[in-house]
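Trainee: Take a look at the letters that make up each chain.
2 protein chains.
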Amino acid sequence: MEEFNKLVESEAANIQRSAQEDEDECDPESNTLNEPLLKRNRTLSSNPLAIVGTKVSHIESLDYEINENDLFKQDWRSRSKVQVLQYIFLKWLLAFLVGLLTGLVATFINLAVENIAGYKLLAVVKYIEQERYLMGFVYMAGANFLLTLVAAVLCVFFAPTAAGPGIPEIKAYLNGVDTPNMFGATQLIVKIVGSIGAVAAGLDLGKEGPLVHIGSCIASLLGQGGPDNYRIKWRWLRYFNNDRDRRDLITCGSSSGVCAAFRSPVGGVLFALEEVATWWRSALLWRTFFSTAVVVVVLRAFMEYCKSGNCGLFGKGGLIMFDVSGVSVNYHVVDIVPVAVIGVLGGVLGSLYNHLLHKVLKVYNVINKKGKLYKLLLSLSVSIFTSVCLYGLPFLAKCRPCDSSIVDSSCPTTGRAGNFKQFNCPKGYYNDLATLLLTTNDDAVRNIFSINTSSEFHIFSLVIFFALYCILGLITFGIAVPSGLFLPIILMGSAYGRLLGMAMGSYTNIDQGLYAVLGAASLMAGSMRMTVSLCVIFLELTNNLLLLPITMLVLLIAKTVGDCFNPSIYEIILELKDLPFLDANPEPWMRNITVGELADAKPAVVTLSGIEKVGRIVEVLKNTTFNGFPVVDCGVTPPTGSPNGATELHGLVLRAHLILVLKKKWFLRERRRTQEWEVREKFTSIDLAERGGKIDDVTVSKNEMEMYVDLHPLTNTTPYTVVESMSVAKALVLFRQVGLRHMLILPKYQAAGVSPVVGILTRQDLIAHNILSAFPHLEKSKGSKKGN
Amino acid sequence: MEEFNKLVESEAANIQRSAQEDEDECDPESNTLNEPLLKRNRTLSSNPLAIVGTKVSHIESLDYEINENDLFKQDWRSRSKVQVLQYIFLKWLLAFLVGLLTGLVATFINLAVENIAGYKLLAVVKYIEQERYLMGFVYMAGANFLLTLVAAVLCVFFAPTAAGPGIPEIKAYLNGVDTPNMFGATQLIVKIVGSIGAVAAGLDLGKEGPLVHIGSCIASLLGQGGPDNYRIKWRWLRYFNNDRDRRDLITCGSSSGVCAAFRSPVGGVLFALEEVATWWRSALLWRTFFSTAVVVVVLRAFMEYCKSGNCGLFGKGGLIMFDVSGVSVNYHVVDIVPVAVIGVLGGVLGSLYNHLLHKVLKVYNVINKKGKLYKLLLSLSVSIFTSVCLYGLPFLAKCRPCDSSIVDSSCPTTGRAGNFKQFNCPKGYYNDLATLLLTTNDDAVRNIFSINTSSEFHIFSLVIFFALYCILGLITFGIAVPSGLFLPIILMGSAYGRLLGMAMGSYTNIDQGLYAVLGAASLMAGSMRMTVSLCVIFLELTNNLLLLPITMLVLLIAKTVGDCFNPSIYEIILELKDLPFLDANPEPWMRNITVGELADAKPAVVTLSGIEKVGRIVEVLKNTTFNGFPVVDCGVTPPTGSPNGATELHGLVLRAHLILVLKKKWFLRERRRTQEWEVREKFTSIDLAERGGKIDDVTVSKNEMEMYVDLHPLTNTTPYTVVESMSVAKALVLFRQVGLRHMLILPKYQAAGVSPVVGILTRQDLIAHNILSAFPHLEKSKGSKKGN
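So the protein lines, in turn, are chains L and E.
Per full-length UniProt numbering, the first sequence starts with residue 1, numbered consecutively.
Per full-length UniProt numbering, the second sequence starts with residue 1, numbered consecutively.
Hints listed in this document are in silico derivations from the structure and should not be mistaken for laboratory results.
Please note that a few of the clues may not be correct.
It does not matter which identical chain is meant; a pair holds if it fits inside one copy or across any two.
[As the list claims (entries may be wrong)] Simulated crosslink set (DSBU-like; lysine-lysine; CA at most 35 Å straight-line): (1) K622 / K665; (2) K362 / K398; (3) K81 / K362; (4) K663 / K81; (5) K359 / K81; (6) K682 / K622; (7) K427 / K307; (8) K81 / K427.
In this text, all values refer to a predicted model and were calculated from it rather than measured experimentally.
Go ahead and model the full structure; you've got the sequences and the hints to work with.
Mentor: Below is the structure:
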């Protein structure tokens, strides 16, 4: 091994030198076909680091492109009809399983949360009934503290990527960024248990975002046949051992997650389509729809089962459902004004929330970087603060008499759930703030959404509620527990919506509960900037189609207003995490720069010969970090043109495949083309699908270094290419639409001695701020983005 | 002009010869840079003819690619922020107007149909009451005949493209196929009036498909500022004078149309997404959503207005609404069996319907080709046949006594609408078949969908109804009137659905009306193969979310079963019309052929010099039908490589721009590069956006023929390219994803004397059956399509 390293080092200088010397001839012995067209400062640096979860990780790109090398073609041709049917069957079976398991896990989480939080609240209520207020507080704060501790310890020590909602990372994954340690079994378990702990602890966060992540984890694990170390090596599963099919599965998983969170099958599909996925095909629409259908059936069956009281304290709760299907909604033209006001408010507040959350997350990042203990302390202090507020604030509210028309058993309610909590009040009175605070978040939403209860809440209580949840919503999201953004935003939004409804008083025909719904919708649109999927989710939540037109109006206005100020919260988080996400629309200034200029600013491209010396392959792998290398043949005779020989671009070979060749020691004594059977004997397509080998793990003897490798059969002969005069804007469109990892740049000149490859572009080279840092003059020409 | 033609003809031989001679040198004087790499039989023929509407037309491709030439870049750079804002504002204004106008037109059609058909039926009922049955028949058949005549005459003589649903052509347009005379003012008016006539005539067709076409027409007309000959030359509108923005607008229009047809805003958006559109962006989702929201508001306002009886006979009808929101739907696990049966039935019958309709349409094509009179006669015979059946068949049904529990004014109904038509029956009895047949199609749907009326229809009547509509559904669709497919399929499907419900009897918990709904859904899915959009449309029609899970199940099963037999009805029609639609998934055998092989099978590519002789441009335009020409510079000196000169690929110039140059006579006396201001003086970006000039309209004098044109500023310098070794499968993915019209093929060899362009691929070259006819050996290797 040491000898090997020395050998490499001694030759490392060579390769560098030869690249510098810029030799023009194409000598098959020297193998240095890497002439830069112009010698400029190579400044376009790519930074393959990003924050995944809360940890800085080295990220890679995914290969969504079909790697058409000889082996793949052989494998593909040999697939019989039966195998194609196996593939189709398995694809649907996996979609079914994703739905089934996501539904079951969601059920389990709901059951656990409702029971844990329920028994906790029952105990607290008992202390309050006995007027042992301090004891009640200690009990509640203690329970919350412990629950948070469990969630935080799991997240901090076992799976840092399980903290937060996970949606931005999934979005990045589907965009083509491999986010390591995101979809493993540990993450799944931590996310499930952590989510139960965090939600049951009464923290201002939801299980909706985590459920999306859980769905994706399940999908990924199913696709690869189990956890990393205990994979089932089922022969059928090998069809799914590629990034494309995994991407499709994870899309299914994320929509199942949304569906499980809101019991909204169509909304789930649309959420994945509008917010999460980058590529979309009609066929995928259908498959995700199937998954969400399965989820709904599972949830329905479970709710039927629980109706008979078999589920402990699980009542109707656990799934935010604001069923107003029975309510006849009346609204007239005049009601458009308050509805528009809600929309504008939602846009302004939503973008303000995004702005402030951005700041808070930056501060949190600094704290979190200090160490695991700091992370833990942060989470626990937020938990204590939350407990203090939830328990203490209701004492500020005045007791309100129960409405005489409903004085039966329902007011005041002393149990766990219910619309009129007695708390510290005498009989016949209730504490409206306790109704909202001393309950689970789901029940709080149900209470504030409640219909025909126009005098239930006092303005003062609602203002306190709104202010509290604004603060909690900002400080809770960044802590190291699994946390969703949906519920905090719904709580905030419903508060100001209902406040506006109260302010309108008798000037409006719309019920205050509906105002609360519209407020929640507007803040979601103002912060997350989704429209169609949110609209459908709210439609499915409220189960009332008559609400659709006003919901649409609110969402459209809120999104438009919000877009004037800043990007959506997910985009902000993506940027904060430095994930190289490729936007759908290129920046306008990208038209002013060509890919040739980008290539000039990068390190010279390193090409390999079709039949390459082992030594040089080792050298190149050791001394570069590139993941793909163009394969170029010298001195071939084209059908027409100069007889003195031409260079031929054979294709692109991946680092993973080169390492595989070195590992399997598929070396030749002489410089010759191999036959197809020789390759097939040595490699299977399963081998090629594996990734993650490292050059440092490979040992090659000195003798072997002098041998040759025939790269032709392993080379992807059909890489996507652009000419150097292509503008970056159009290259980016190609890169994103087709889902590439590498894009070869060809020269626009055709002549002897011109290198057939000018450069390689990767995802990092096309990220706007990377380009701007290398070409600062573009910043000046940077106009406003052409709107869409 | 004559002189000019002679000149061209004499030189035409030249160009052909020089192409044959295959000269290797690159002599800027001879300008013949078109060497084929291999001399093979050039057999890949492209057939730019297709049936648009019912007429064979010459079709072109659309340019969705951004044509980055110097002028465009200049225009784009000079766009100020204000102009960008104008663009955004106008984009939204247009989306608003599309929604508004589509809503108003839909309202108008509904009003007209309901009133015309209503008064017609009232008169018929009066005759029947007087027992003047023959007179009643003559009146009904006569009215139907006249109404059909109006619709057919308009379609046959004024706008043949207005016949049929128009959805396949819209689908093709959004895929990049320009279908001429599809979106004009004449088409719009004929479609509106024809649709009213055909629907009011009681033919078995709907206004749903036509409404989609109407929405698209409105969008297209708005985008171009009015009808072709009377366009508003508003400066702002020039931003929309390109295929990309027109595509987006037409997408908005088509979803508005669906929304107007079913009052289903989300369904409309999803229909456009799932069935119609080829490209989709998240931003577009939002805009189409806005349009459909406007449509819904318009429809709602109009229905509010009509409630007070201002709309003549317009009652609740005109918009299929099967509002079961009040019905509590109960179903249990056992009900899955009949639901699955409906799904399977729907799939089988749907694909059978597709199969038979295909045959019928082929026969109709033969008839229609014989002449306009034949077309007319066909339509009128169908009308008479329909009248005979609708009027005559109810006499076969036995009179049924009214249910004693509802004997009030509602049974029997003698008026226009209503669930229990008296027809020829005595008092207290009703004719169940007349209820379904002697009414408008919309009312028939409502009647057969009706809930809690389990004993209303006799099995015999339903069987007759089903059989009749199977026949009518097959023979009506192809006649020369605007016709939608939705309603016939709903009618057929609901019949067998309800029959199944009756057969189940007491074994099921689901109401017969719901069985009818599920039957309709299953047949739609079985024939049209949509899932998510249909599901949402049915959700919005039934206004009951509890139905969602079983609807989903039915749709999924029906589509799966149907897909086993044949493609969707729209795909069948697209193929029948020979529209070059690019599928999302390449055929598997496309991996076995490279684009280089395709290029070899095509006529040699004709290249132009950067500075080209006028004579040669005229020659080339006269003698070829290509729409794009690569521009190649000879003898340039690349930064590196051979000093003896290289060839440089400058880009691609469009035929339309060459014609523009000839028309504007922008000629140079000497061979020189022009300055930017010279071009800008002569051309504006508005000029460049115009298309449709013909070379025959251009006259060039003999002197001018010897002058030069600098093509550089008009050349798109950033065409998308592939290397000749690229497989057709991957090239197709690129072509479709990026939305191309031309794709340049580059050589994989790099040497002196190799042409920098090997060939050009267009849409026609990538159509599967075109490739197969040139490479029959691929047929053998043609495996089953890898499922998705």
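Trainee: Against this structure, judge whether each hint is valid.
Mentor: Here is what the structure says about each hint:
no., hint, result
1, K622 / K665, "within (17 Å within a copy, 60 Å between copies)"
2, K362 / K398, "neither (39 Å within a copy, 79 Å between copies)"
3, K81 / K362, "between (54 Å within a copy, 32 Å between copies)"
4, K663 / K81, "within (33 Å within a copy, 57 Å between copies)"
5, K359 / K81, "between (56 Å within a copy, 29 Å between copies)"
6, K682 / K622, "within (24 Å within a copy, 57 Å between copies)"
7, K427 / K307, "within (30 Å within a copy, 49 Å between copies)"
8, K81 / K427, "neither (74 Å within a copy, 65 Å between copies)"
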